[in-house]
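Protein chains: 2
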Amino acid sequence: MKIALVGIGKIAVDQHVPAIAASPDWELTATVSRSGRVNGIEAFTGISEMLAARPDIETVSLCLPPVPRFAVAQEVLRAGRHLMLEKPPGATLSEVHALERLAQAQGVSLFATWHSRMAYGVAGAKAWLAGKQLHRGRIIWREDVRKWHPGQDWIFEAGGMGVFDPGINALSILTEILPTPLHLTGAEMDFPANRQAPIAARLDFAQNIQADFDFRQEGPQTWDMEFETSGGHLALRMGGNMLEIDGKETAGESDIMGEYPALYACMTELVRDRRSDVDLSPMMLVADAFTLGRRNIVDAFEF
Amino acid sequence: MKIALVGIGKIAVDQHVPAIAASPDWELTATVSRSGRVNGIEAFTGISEMLAARPDIETVSLCLPPVPRFAVAQEVLRAGRHLMLEKPPGATLSEVHALERLAQAQGVSLFATWHSRMAYGVAGAKAWLAGKQLHRGRIIWREDVRKWHPGQDWIFEAGGMGVFDPGINALSILTEILPTPLHLTGAEMDFPANRQAPIAARLDFAQNIQADFDFRQEGPQTWDMEFETSGGHLALRMGGNMLEIDGKETAGESDIMGEYPALYACMTELVRDRRSDVDLSPMMLVADAFTLGRRNIVDAFEF
Chain A
1 MKIALVGIGK IAVDQHVPAI AASPDWELTA TVSRSGRVNG IEAFTGISEM LAARPDIETV
61 SLCLPPVPRF AVAQEVLRAG RHLMLEKPPG ATLSEVHALE RLAQAQGVSL FATWHSRMAY
121 GVAGAKAWLA GKQLHRGRII WREDVRKWHP GQDWIFEAGG MGVFDPGINA LSILTEILPT
181 PLHLTGAEMD FPANRQAPIA ARLDFAQNIQ ADFDFRQEGP QTWDMEFETS GGHLALRMGG
241 NMLEIDGKET AGESDIMGEY PALYACMTEL VRDRRSDVDL SPMMLVADAF TLGRRNIVDA
301 FEF
Chain B
304 MKIALVGIGK IAVDQHVPAI AASPDWELTA TVSRSGRVNG IEAFTGISEM LAARPDIETV
364 SLCLPPVPRF AVAQEVLRAG RHLMLEKPPG ATLSEVHALE RLAQAQGVSL FATWHSRMAY
424 GVAGAKAWLA GKQLHRGRII WREDVRKWHP GQDWIFEAGG MGVFDPGINA LSILTEILPT
484 PLHLTGAEMD FPANRQAPIA ARLDFAQNIQ ADFDFRQEGP QTWDMEFETS GGHLALRMGG
544 NMLEIDGKET AGESDIMGEY PALYACMTEL VRDRRSDVDL SPMMLVADAF TLGRRNIVDA
604 FEF
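The listed protein sequences derive, respectively, from chains A and B.
With the working numbering applied, the first sequence corresponds to residues 1 to 303, in that order.
With the working numbering applied, the second sequence corresponds to residues 304 to 606, in that order.
These are computed hints drawn from the structure, not numbers from a lab.
Built from N, CA and C at the ideal position, the CB exists for glycine as well.
Accuracy of the hints is not assured; some may be wrong.
Computed from the model, here is a short list of chain B residues facing chain A with C-beta under 8 Å [to be verified]:
(1) Ala394
(2) Glu398
(3) Leu481
(4) Pro482
(5) Pro484
(6) His486
(7) Phe593
Stretch by stretch, here's where chain B covers chain A in the computed footprint (C-beta under 8 Å, at least three residues) [said to hold, decoys possible]:
(8) 180–194
(9) 235–245
Using the sequences plus the hints, can you model the full thing?
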């Protein structure tokens, strides 16, 4: 099936292009980007041109930052194409609900992806936690924004989500693996004096779960979560890719394909079955943190 | 039916107590409040005591600020009582979803009230707007926080919502009367230098709708919304209580009972039918504004 990729930046080049290339189902047929392109693939600079020129491309995958994403997503759906959204699926909950309604009205598939849910250890963690009593959970998600988002000022603009851009990956895992839904009970966010989005956040959830997100981590990077339960201790490390039970690493499942290839495999099924998959629970927790959270002003940040 | 009122502050005394007194369905049987009480009504200082002492009271109405509300709400539902929540129904979307699940599991009714939806002009505005093309909408909600929330510091604390406490009334009307769902496209918020919640906010919605919320309005207060449509001009003034079509005030419907009496009449029906009514769309738009909005720091505010 033919697919077009919109927004040829770091995540598209690092993840989407290789995942599509490796897929038996998808053929990258066009790109849309103001300046980026992929060797050997027809390149457009505007979504409208691409949609008009290539009615044969039935599916579009968007890798744009959250704020400009809605207008493009709306145009794709109005043109009757299936749509796959990089996380987070939009800048606001209400705009993603609007996309859901539009996809349904158009009879096309909408997939709000959460790549971290496809990490190697996630399904195993979910299975192990099922039926156990949770005593305590701790999430530490600390990375260097200069390394992972070099010069990407949009991430600190209003709606860019700041440290919740990686933090929402943790929340997407958490909302997937826990046996019962979570709710936020408190939050504190650090806003650089010269920026509109937080560089760090500490969240408290019911069920004695805490999360610590920080964009200022130099040296080793940490994407870990640990849970104490009635049945022992579980740790998910490396962004969900390594699962430890009671301190012992479990064997990876050899048939799992990696995060982005798994997303494109899901999209194949959604398009074939004309279904959508839009779970906004990670994004709702971020919106709740912005609503409930205390704001501290901290040192200005420059890339 | 017997009802207990929790949180005997300004809104309880001004609105809930008279509405219950005027209702043919409800009898105010107990109050719960640290310091407030209602003459002639049994007064408790803690929710647990009241629930234990009065198993005959099957319904509880909460008028607490949003942040402390959840723990009390959870206790009421766990005790198998029906629950009515003053707006906003909680501090976060995720906690209200948790209450919804709990009410369902307990087989009791949960009513997340939006009193402004019961204002005299709202049903007429909704009927008039149905089927018309909306060209433009403008909401102005400006009031004096010192007059309506004298000394209520909680409103400017994290989770207190600031100017969204009245603004959500406008959003509750807007989401009720418009023929199609709204989504936010931009927001700007003014935070006093010494406070954790905004004192003013300007919101942009799709469909060419703008809202201007301000807590610093002295002199005449304004709670107006106006719409230009394919079929003429509609204005709702006085917080939804006065409806004007093409500049002419329409006759009020004499059988409408006023905001809080109407809420208690709805609660009667919900309890009788064992149904719940939880519409979070106004609160989602507030969460979206906090997520997407630019933050300006403005002059410190003291009551």
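Do at least three Cβ atoms from the segment 180–194 of chain A come closer than 8 Å to Cβ atoms of chain B? holds (count 7)
Interface hint for Pro484 of chain B, Cβ within 8 Å of any Cβ on chain A: holds (7 Å)
Would the hint on Pro482 of chain B be counted as holding, given a Cβ-Cβ threshold of 8 Å to chain A? violated (13 Å)
The hint names Leu481 of chain B as touching chain A; please verify it with the least Cβ-Cβ distance against 8 Å. This hint is violated: Leu481 of chain B lies away from chain A, its Cβ roughly 12 Å from the closest one there, beyond 8 Å.
Min Cβ distance, Glu398 of chain B to chain A: is it shorter than 8 Å? holds (4 Å)
Classify the hint on Ala394 of chain B as holds or violated, based on whether any CB of chain A lies nearer than 8 Å to its CB. holds (5 Å)
Three residues or more, CB to CB closer than 8 Å: is that satisfied between the segment 235–245 of chain A and chain B? Per the Cβ count (0), the hint is violated.
Chain A contact restraint on Phe593 of chain B - CB to CB distance below 8 Å: Since chain A brings a Cβ to about 4 Å from Phe593 of chain B, closer than 8 Å, the hint holds.
Hint His486 of chain B vs chain A: min CB-CB distance below 8 Å? Constraint on His486 of chain B satisfied, holds at 4 Å.
In this structure, the hints that do not hold are numbers 3, 4 and 9, in rising order.
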